[in-house]
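Start from the sequences, fold in the hints, and give me the full structure.
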Amino acid sequence: MSGSFFFIKFILRRIAAAVVIVLGLTAVLFFLQSISHSNPVHAMLGAGATPSAIAAEKVKLGLDHPVFVQYFNYLYGLIHGNLGMSYRTRRPVASDLATYLPATLELAFYSLLLAVVLGLLLGVLSAGEFRGTGVLRAILIAGASTPQFLLAIGGLLIFYGKLNLLPATGRIGIANPPSGPTGFYTIDGILNGNFGVTIDAFKYLLLPSFSVAIGPAVSIGRVLRGSLIEAISLYFVKTANSKGLSRVRVLTVHALRNSLGPALSMTGLQAGLMFAGVVVIEDVFAWPGIGYYTAQSIPSGDFPAIAGVTLVLGVGYVIINTIVDLAQLFADPRLRHLEMANVKTKKPLLGLSANQG
Amino acid sequence: MPSKPILFQAAFTLSGIDNDNQKENPRSRFSRSGSYKTGGYKRGAIFAAVASIFLAACGSAASSASSSAVAATVGSPTSKTLNLAFTADTQPPDPDVFYAGQGLAITNSVYEGLVQYQQVPVNYTGDLTFTPPATRAKIVGDLATSWTVSPNGLTYTFNLVKGVTFHDGTPFTSTAVAASFARRKAVNQGPAYMVSDVTSVNTSNPYVAVVHLKQPESAFLDYLASAYGPKMESPTVLSQHAGKDNAQTWLATHDAGTGPYYISSVTPGQEYVLKSYPKYWGAKPYYTTINIKIIPSISTQELELRSGKITMLLHGLSTSAIASFRSDPSFHVYAVPTLETPMLWVNPNSKLLSSSVVRNALAQAINRAEIVKFIYPGRASVAKQIYPVGELPSNLAVDNPTYNPKALAKVLPSSAASTTLTLGYDAPSPSDAQMAALIQTQLAAAGLHVNVRSYTSTALYGYAGNPAGAPDLLAVTNWPDAQAPDTWARIVMTPTGGLNYLNCSVPTGTSYLNQGLYTTSASTAQSFDAKAGAAFAASGCWDPIANRGDTVVAPTWMKGLVHQVPVPRTLVLADLHP
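Chains as they are written, first to last, in the working numbering: chain A, 11 to 367; chain B, 13 to 590.
Take the hints with a grain of salt, since some may be wrong.
[To be verified] Straight line, CA to CA, 30 Å or less: simulated BS3-like cross-link-like pairs of lysine-lysine:
hint, chain 1, residue 1, chain 2, residue 2
1, A, K68, B, K197
2, B, K150, B, K571
3, A, K70, B, K197
4, A, K68, B, K226
Hints were generated in silico from the structure; no laboratory data involved. Quick caveat, the model's predicted, so the values are computed rather than measured.
What follows is the structure in C-alpha cells.
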C-alpha cells in the first residue's frame, strides 16, 4: 500500500466517521427533545401568545409533524446547509454560526498555540532541569489549579482594573474592522494592510487565551516531560549526551521528536476539551463566540441552535483528532510504518480503522 | 477543567518523584550539581499554594473591586455618548416581535405609541428605599394629543400629533396607525393579542385615527400604553422591506420608528448602536450616541462601570455589588419601582397539595417579610395583594396571610411525612434560586420535605397546559405587560394563560375576569377584577411574595432618570443628561 493511498483512505474513513457522528448526534438530540416537556414555541413567542399564534408558529417551523418526520426534515435541511431557524435570535442557525464561530476559532486557535508553546517549555525545561524551571512550573500549575473563571476575573482585575494594560470585553476596539476573508481579526488585519487591527486584536486575545490555555499547557507539559524522561534513558540519547552535545540540543534535536506522540495525543484531547472552557471564558470576556451563543441558547431551549453548535463541535472534534493522528504519523516515522503494516493486517495502532472516530 | 488533581499530580512532578519512573530519575544526569534536587517539592508546593491563594483572592474580590483606585475614571459627564450593557443578546428589536426584558431600552427609545403611561422621575434619596407605586399610572398622550372613546366602547378616536416624521422621513399620519396595527396582527407573535379585537382603522383624516373594536375591552388603552404595546411604524419601510415575513428580517437590524433615537448599527451578539434622530419632533436628547454592548458577566460589567467604559448599570446587580456601589461616593444606587412580582406557584394537581385548605396553610408557612429582607433588601416590599402592587386599591384582592408555620402541620395528611415535594425555579435567575432555597427552609420548619431544582423557561412553558411531571411548587419572578389587572391575571391565572405553569383552574375567577375585560366602565372593570382576584387568592394556587423593582447604578453626576412603572428596563434614555 503506497503512502498517499494510505492517507487518502485514512481521511475518507474519518469523513465517514464524521457522518456517522452527525447522524448519531442529531438522533440523540431529537430523541431528547421528544421526551422533554419543553415548549420552545411558547417560550419563543412569550407568555401572552394566544393558542392560535402558537399553533401557527409550530406549523411555520414544522414542529407540528411527528418527531421522526422532523428528524428527516432536519437531515434534509442539513444536506442543503440549512440548520433551521434559531428560536431565540430568529435568524438562520447557519448564519448565527457563521457570525459566532470565527471568534471562537480564533480564541481556540491562539489558546491552543499558547498551550502548546507553554506545554513545550514546561516539558522540555522540567525534563532538562534548567534553572528557574521550578518557578515556571509553580506559576503554571497554580494557574491550572485555579478555576478558569477565577483566573479570568483575576486577570481582568489586575491587567484591566488595576494596571489598565489590556481591554476587558469584546474582540476588538477599532470601529469597522475588516470582515474577511478569514474571520480572524489578527490575520484579516494583515491581509487588509491594517496592522492596527492585528495589534488591537492581539491585545483583546491575550487575557482570554491565557485563561483558556494555562490548564491544557500543564497537561501537555506533564505528558511531554514524562515522555522526554523516558527518551532520555534510551541509548541514542545517552550517546548524544556522551558526545558532549548541549542539553538543549540533546533534548530538542534528539529526544523531543521521539517524545511528541503522547504530547500530541494530549493536545488533541485538550483541544476538544478546550471548547468547554471557552464557554465560561467567553461569558466573562463578552467574547462573541459560540460558547456565548450556546450559553444563551440552552436556557431558552433553542433546539436548532443547540443542535447546530453540537454538530459543529462534533465534527470539529473529529477533525482535530484526525489532524493530531496525522501529526503523530508525520512526527514519528516508526509509527507511520508500523501503522501502515498493521492496517494491512487489520490491526491498526492509532485507531485508523473505519470503526473508530 | 482539571484543577486539584493536576495540583496533586504536579506536586509529585515537582518533587522529582515520578510515579512512572521511580526506579531511576534520569533528570539527575543533567543536574549541574550531579545530585537529586529533593528540595524542589517544597519550594514548588509553596509557590503553587501562594500563587493559588493570590489568584483566588483576586477572583473573590471581583464583585467589590477596589473603588478608590478607579473612582477617578468614572465616565465623563461631558461626553455625548452613553455606554450601556446588556447581559444577553435580545430578541430582535422589532416592536411586534420583542417580548422580553432588556431590549425594551431599545424598542422604547426608537419607537413610540399613540399613548403611554405617565413617566415617573426616579429620585436619589440617599438611602436605598423601595417605594412601590401606590396607584395605577395615568395614561397620557404620546403620538396622540387626545382621544375619545365611544359610549359602547367599540370606537377609539385618536387625534394625532402633527409634524412628526419617521426615521426614513415618511410623515406620521393615520395611515401609519392602520399599517402598524395590521402588521402586529399579521406577524402574530406574543404581543399580538393586544390588537386581536381591532377590526379596522379609519384613516380618512390623516391626523385622526379611528380604531374600531369588535367588542369593548376595558384594558385596550393599557395595551396601547404598554411598553410592549403597538408602536407606530413607517408604512413606507414596512412596504419597501416587507419581503416574505412582513419586514421582520429588516427590522431585526434596522428600525421604522419615530422615537428620539434610531438604530444605527446592530452587530449580533456584540453591540447595538443608537443615534439621536436630528428631526425628532420632541425635546432633543442630550446623548447623541448610545452604545449598548452585550457583556454577559455582571462582574465584568461592574469593572467596566468602575473604569468608566460603561456609564450606567441598568439591572442584574447582586446584593453585595449593590452594597459596594452604595459605599462608593462616585455612584448613586436607585431603586426603581416596577411591577416585578416574585411569586410561588402551587400545583393543585400534586397529591399533597390538591386541597385548597392545604395550599392556603402552606401560604401561611411562608414568611414573605423574611424573604424580602434577605434577598431584596431595599429593593422590594412585601406583597399583600394577588395582583402586582398599585393595580387595584390596597383593600381589594388582598392576599396577605398571617405567618403561622404551625397551621400547615395541622392540615397535612399523615402521608406528608414520607413525601418529598419538588420546588422549581427559573434556571437563569439567581434571585429566584435564592427565593426557592429560603422557601425550602421555611417549609422544612413547617414539616414539609422539599427538594429544590432548576427548570429552563422552555420547560416551564411546556408544563402550562400539560401538567404531567410538573413540579409541586415553583418560585419565579414575572411582571405584567401593563397596569390593568387583567394583563397579569389572564396570563398567570386563567387556564389558557402562558404563565399558568402549574395548571390551576379557578372558573369563578376566570369568569369575573372576562366580565371585567369586556366592559365599557372602568369602575365595573375594577369591581370584577377585584372579585376575580379574591377568587384566585382563595384558591391558594399563587402566593405573591414581594413587589420588586429595578436597581440602577449611575455616576453621581447623572441626572434625568425617568421611567415607566409597569415593566422593568424602561428607563427613558432620551431624558438622561449630566
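Structure-based check of all given hints:
no. : hint               : result
1   : K68/A with K197/B  : holds, 17 Å
2   : K150/B with K571/B : holds, 23 Å
3   : K70/A with K197/B  : holds, 16 Å
4   : K68/A with K226/B  : holds, 27 Å
Checked against the numbered hints listed earlier, the structure breaks none of them; every hint is satisfied.
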